[in-house]
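Chains A and B supply the protein sequences, listed in that same order.
Per the numbering used here, residue 6 is the first one in the first sequence, and the count goes up by one each step.
Per the numbering used here, residue 43 is the first one in the second sequence, and the count goes up by one each step.
If you're looking for bench data, these hints aren't it; they were derived computationally from the structure.
Hints should not be assumed to be uniformly reliable.
To be verified - In silico DSS-like pairs for lysine-lysine, Cα to Cα no more than 30 Å straight-line: (1) B/LYS66 to A/LYS71; (2) B/LYS122 to B/LYS66; (3) A/LYS99 to B/LYS134; (4) B/LYS66 to B/LYS134; (5) A/LYS331 to B/LYS122.
As the list claims (entries may be wrong) - Distance ranges between label pairs, derived from CB positions: (6) A/LEU14 to B/LYS122: 51 to 57 Å; (7) A/LEU14 to B/ALA138: 51 to 57 Å; (8) B/ALA138 to A/ALA87: 46 to 52 Å; (9) B/SER69 to A/LEU14: 42 to 48 Å; (10) A/GLY208 to B/TRP114: 36 to 42 Å; (11) B/SER69 to A/ILE461: 33 to 39 Å; (12) B/ALA138 to A/SER307: 47 to 53 Å; (13) A/GLY65 to B/LYS122: 22 to 28 Å.
All C-beta atoms, glycine included, are put in the ideal place defined by N, C-alpha and C.
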Amino acid sequence: MLNELWSDLRYRARALFRRRAMEQELDAELRFHIDRQAEEYQRAGVQPHEALRRARLEFGGVERIKEESRDVRGTSALETTAQDVHHALRSLRKSPGFTLAVVLTLALGIGACTTIFGAVDAVLLRSLPFRNLDRLLAVTVVSDHCAACDNSTPGHYLALRERTRAFASLAGYGSWSGTLEGPEQAEHVDGVTVTPNFFSTLGLAPAIGRMFEVDSSSAALEHEVLIGDALWRRRFAGDPNIVGSTITLSGSPYTVVGVMPAGFEFPTSNDLWLPLTFDAAAVNDLSSHWLRVIGRLAPGVSAVQVQRELDALSATLEETYPDQAKGWRIVSEPLSDSILYEVRPFFMLLMGAALSVMLIVCANVANLLLARTSAREREIAVRCALGAGRWRLARYLLTESIVLALLGATGGALLAWWSVPLLRGSIPASLSRFVPGWGGLAMNERALAFSVLLAILSAFIFGALPALRASRPELATSLKEGGHGATGSRGGRLRHALVVTEFGLALVLLVSAALMIRSVRNLLAIDTGIRAEQHVLTMSLELPKNRYEGATRAGALYTRLRSEVGAVPGVRSVSAVTTLPLSHDRNFASFNVSGRPPIPRANAPTAVSLIVMPGYFQTFGIPLLAGRDFTAHDDSAAERSSEWSYETRCVSCCGGRR
Amino acid sequence: MQGDYLTNPSLDLPQGTVDLLILKALSLQPMHGWAIAQRIHQVSRTALEIPQGSLYPALHRLERRGWIRAEWGISENNRKAKFYQLTRTGRKQLVAESEDWARLTAAVALVLDMG
């Protein structure tokens, strides 16, 4: 069977690429047959001339036999297509205005779709390139008391590892940031602390070097680091011998054990990964909600089984640690959902909009083609008269559409090649690192394949109607009889219908765009409680822990910084805060309201907590509702008792609890 | 020879038997198209005649399937001719098709002898 297939392919390839040689052979073979037969007659006594004549007569139509032999080759369909493409190109060259209009229109549509597809591909399809992604779950600990909390705790994680059997492996990670020092310059780096089995749980290995070893003691792991591809290229010039060398992070030496592959951006794009280990006390810490947990399902375990096991564990933990875990439930969801749920609707919307544009383009092009077909009635009538079948004619017209579409795709791909980097740059780096896969956005072979597929598909959409209409048999007859004009009204109706469709689609797009612009305007108009427009400059600073240990040294530095920056001409106020307002990282703290019965820690209300230096509220223009700002004379005990209110936060949390 | 059929009537070949006859003819030695037609004509005591129109398409079809292989060689009258020979697949195919043919004719004969 395989033999036959191979032989068949070889034969067809030869028929296709050595066509001329094959024709010559066929000719020689048939000529030999006739001559041989004539020779036979001559031997029987017939005159040479007569012998040849008889042999020829007997052999029959040489051309018919040749044609049948050609059919056997299995390449006639291809040859017809080649002929059609040739004709289409010639015919299009004759009407350059029409061709240019159609190709440009198609290029715009295909270019827009390809650009958006590039983003969809990078973010939704390829941002999580993990083995058996559908078996990976995100495990979180949630409570009705804190809607924004979706992290786990060290205690929950360790209990999960110890007491569940639904997972083949469970890994935890948390965010980290610090300073990468060096002889020339120090730079801020973002990283992730990960349990040693993190990479094996995802099913990934470093591009160079090794992962953290699962069996290593925490002391052995403490000073190991895996660096990301971007940092490796930027800071170490892609040095292949980087593994084993020592780098200084926030004042401590770390040994580089490996480099992660390019494009690995989980959970966000990061510079490096550090090992995360837990001390003995962590088992009893079920209230520090900072850890993120992922798990790979054991073979054969279903989502329902997992949740049953998680529910049982939640109940046990609530009983064992009522003050910390009461009311907290462990839940799981597919990792892809937990990572992509925020961005998915956005990109689907964009893709939908781009495809609508493409549909409008198709309607437009169909209209142009219909107009052209009307103008070509005579050519088509001639083809019909010469015996071209309906299917043959439709096929030719479709080929013409596909040629147009592919020309459009070429333009579209060029457009996307220019606009994809533009799109990637449209989100600032500080934000784009939170869009999964954004760094991998590029005009690649997948986007190219998409543009070609889209072109062919749209050729069928915009080419089908004109092709079917033009090849209608009565069209040809009517043309032969009465010249042209007989089909004018019907063609007109069709084109009107297309215009209506186009108009409807455009209206939908316009309304959607208007709604989106309104949403953006509403977002911009939200009162953030901050008056900082254009007048506040920010910078971030990371103090190495081992050199600025304790509050005094760091405090001294910040106090000095504050007074020296404050002395710069034009600076009205200076302050410092742990995390900037509206930034991604937030620290939640639970609290009790004095004068009300205390609530167990597990159920206590929570608020975003910031540690600030004096002048913070003034600098950001946050109005104080009552009391006073901190002063430099408030010590830490006084800070805690200070009565200030940050309007929105307190109203939301206390109002909610009542 | 088509013209001769009034004086020397030859049998109509059922569909598909041309392939079998070609394979059989080639099982003895490599041959060119004319010789194949001659051989079948002679061996069948002039009862069978492969229509000229179907001989060459059939040869090319068999070649495409890989059952026979073609090579240019020198013919018995000292001219360049295209010689066909059986491949290993072709040989297997010949055995299989011969058996099928034997079963078919035996069965048809049984039915015809019935009454």
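Each hint tested on the structure:
{"no.": "1", "hint": "B/LYS66 to A/LYS71", "verdict": "24 Å, holds"}
{"no.": "2", "hint": "B/LYS122 to B/LYS66", "verdict": "23 Å, holds"}
{"no.": "3", "hint": "A/LYS99 to B/LYS134", "verdict": "56 Å, violated"}
{"no.": "4", "hint": "B/LYS66 to B/LYS134", "verdict": "11 Å, holds"}
{"no.": "5", "hint": "A/LYS331 to B/LYS122", "verdict": "97 Å, violated"}
{"no.": "6", "hint": "A/LEU14 to B/LYS122: 51 to 57 Å", "verdict": "28 Å, violated"}
{"no.": "7", "hint": "A/LEU14 to B/ALA138: 51 to 57 Å", "verdict": "23 Å, violated"}
{"no.": "8", "hint": "B/ALA138 to A/ALA87: 46 to 52 Å", "verdict": "38 Å, violated"}
{"no.": "9", "hint": "B/SER69 to A/LEU14: 42 to 48 Å", "verdict": "26 Å, violated"}
{"no.": "10", "hint": "A/GLY208 to B/TRP114: 36 to 42 Å", "verdict": "58 Å, violated"}
{"no.": "11", "hint": "B/SER69 to A/ILE461: 33 to 39 Å", "verdict": "48 Å, violated"}
{"no.": "12", "hint": "B/ALA138 to A/SER307: 47 to 53 Å", "verdict": "50 Å, holds"}
{"no.": "13", "hint": "A/GLY65 to B/LYS122: 22 to 28 Å", "verdict": "23 Å, holds"}
Hint compliance for this structure: hints 3, 5, 6, 7, 8, 9, 10 and 11 are broken, all remaining hints hold.
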